[in-house]
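Top to bottom, those sequences are chains A and B. According to full-length UniProt numbering, the stretch in the first sequence is residues 1 to 236, in order. According to full-length UniProt numbering, the stretch in the second sequence is residues 1 to 242, in order.
Read the hints as simulated data drawn from the structure, not as lab findings. Incorrect hints may have been included.
To be verified - Sample of chain B residues at the chain A side, in silico, Cβ under 10 Å:
(1) G57
(2) L58
(3) A75
(4) M83
(5) F85
(6) M90
(7) L91
(8) M105
As the structure is a computational prediction, the values presented were derived from the model and not from experiment. Cβ atoms here follow ideal geometry from the backbone N, Cα and C, with glycine treated the same way.
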Amino acid sequence: MQQDAISTASILSLLLGDGGHFLGIIFLSLQVTITAVTCAGLVGLPLGAALALSRFPGRTVIIVLVNTMMGFPPVVAGLAIFLLLSRSGPLGDMGLLFTPKAMMIAQFVLVLPIIVALTRQTIEDLWTEYQDHLTSLGAGRLRSIPTLLWDARFSLVTTLLAGLGRASAEVGAILIVGGNIAGFTRTMTTSIALETSKGDLPLAMALGVVLMSLTLAINSLAYGISRVGARFSGKS
Amino acid sequence: MRDTTSLLPLIVRDLRLERDGRVLLDVPIARIQNRQRNVILGPNGAGKSLFLKTCHGLVPPTSGSIEFTRPASAADNRRKQAMVFQKPVMLRRSVRANFMHALAMAGVGWRERRRIATETMAQFGLSSLADMPARVLSGGEQQRLAIARAASLWPDLLFLDEPTSSLDPTASRQIEDMLEILHERGVTLVLTTHDLGLARRFADVILFFHNGRLVEESNAERFFTAPQTPEAKAFLEHRLFW
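Kindly produce the complete structure, drawing on both the sequences and the hints.
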């Protein structure tokens with residue numbers, strides 16, 4: 001019982017107290033995740049839309065591959081990036097291994113397939129509906145992409161948030177390529193893994209609470225946006 | 001502002017459309033005359049919608065030609081015509097933004113776009129709906145928006161696929177009034193319908209389709225008083241046939 005009380009008190013003191021170290025971890029996590037998802041969105045949204053509208057041999061194979069990549073095991077992705085970035089790897093000279101940038105790259109690789117696959121599906125459905133109208137207006141497939149991306153905006157924000165969810169909860173890849181270096185590449189998830197194995201449960205639990213709250217916030221946001229979107233698509 | 005030299009008549013020659021060995025359209029010759037109200041009649045599956053889409057350039061024909069009288073580039077031809085679909089395509093935006101988008105695609109500058117959108121909405125009684133999401137409008141309002149949106153592009157030629165289907169009599173009447181306004185503006189109209197009342201009141205020319213073939217093309221008055229083919233006669237007497 002006593003230990004529980006101590007734990008709760010220490011969790012609270014970490015959450016509310018001065019902990020610059022603690023905030024640093026949260027800040028780094030957000031920085032890595034948000035950068036990775038933003039970049040994946042910038043690449044993945046147009047790519048997914050292009051994949052939805054294009055017709056070329058091998059398209060089906062690419063779609064199946066991208067869908068498969070959605071379930072890519074993070075540790076395997078981490079390993080692949082590790083090999084690429086390690087001293088003797090092809091990109092070793094850039095000296096990125098065990099830096100926040102390496103973690104961003106790893107998460108980018110994990111999130112990109114999710115965004116491409118979900119965007120492709122969304123845009124393809126919308127294209128079926130809009131095709132005649134847009135063709136009638138003289139917009140070719142290429143010029144239709146901005147229209148479709150904008151009209152799918154609510155679904156696509158949800159897609160981005162799904163990517164954010166995957167990135168923020170992920171530990172395997174960033175642990176491998178980031179190295180969990182205190183004050184430099186230590187994020188919420190890697191800290192939780194480390195502190196739990198060290199036995200520093202208050203810190204692990206405090207970070208867990210923050211992570212859960214963030215996930216809750218992301219999901220509330222996704223729900224709210226889908227409600228607004230339902231109004232624009234005339235479903236409410 | 002308006003170009004007085006028209007692209008029309010539109011002349012369709014030896015048009016055939018086949019899919020999986022089935023002949024869906026077979027039109028040896030058809031003429032869409034300038035400034036006429038052309039109404040396409042025929043039972044379900046007669047190829048009416050397909051004929052519209054083919055003329056509008058959305059469905060490439062297997063063989064045959066669809067030519068405007070005044071030769072112009074493909075892009076110019078496209079800009080001079082518009083189409084309203086049976087199920088109106090409503091962008092997931094406000095009513096005003098639906099106009100703005102269509103005008104942007106037609107290459108109209110931003111300031112002009114706003115002006116034309118506002119004017120067109122006022123003309124067709126849509127001003128009060130300007131900021132509503134288009135997809136929450138009623139069926140009749142959506143159809144009016146779709147027609148007004150096409151009208152805002154000032155086409156010479158407007159195709160409409162069953163513009164009054166699934167609308168109540170009041171809404172149908174509003175659509176008919178809009179079509180009259182467009183006719184007075186000098187727009188050539190080509191529409192399909194199952195509403196014989198509308199066809200009788202509205203049409204100058206009837207194109208009667210049956211089983212993908214253009215069976216009869218004639219002056220509306222003559223079509224309704226003295227149809228020339230047994231198929232048209234049976235159709236007007238509501239006798240089932242296929």
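Interface restraint verdict for G57 of chain B against chain A (beta-carbon cut-off 10 Å)
8 Å, holds
Using the nearest Cβ pair, does F85 of chain B come within less than 10 Å of chain A?
Interface hint status for F85 of chain B: holds (6 Å vs cutoff 10 Å).
Proposed interface contact between M105 of chain B and chain A, which counts if any beta carbon pair is under 10 Å:
For M105 of chain B, the interface hint holds, since the closest Cβ of chain A sits about 4 Å away, which is under 10 Å.
Should the interface hint for L58 of chain B be scored as holding, given a Cβ-Cβ cut-off of 10 Å against chain A?
6 Å, holds
Agreement of hint M83 of chain B with chain A interface, Cβ distance less than 10 Å
OK, holds: M83 of chain B within 10 Å of chain A, min 5 Å.
Against chain A, with CB atoms and a cut of 10 Å, does the hint on A75 of chain B hold up?
Cβ of A75 of chain B sits 7 Å from chain A, so the hint holds.
May I ask you to test the interface hint for M90 of chain B with respect to chain A, counting a Cβ-Cβ separation under 10 Å as satisfied?
Since the shortest Cβ distance to chain A is 7 Å, the answer is holds.
Restraint outcome when L91 of chain B is required to lie within 10 Å of chain A by C-beta distance
6 Å, holds
Taken one by one, the earlier hints all hold for this structure without exception.
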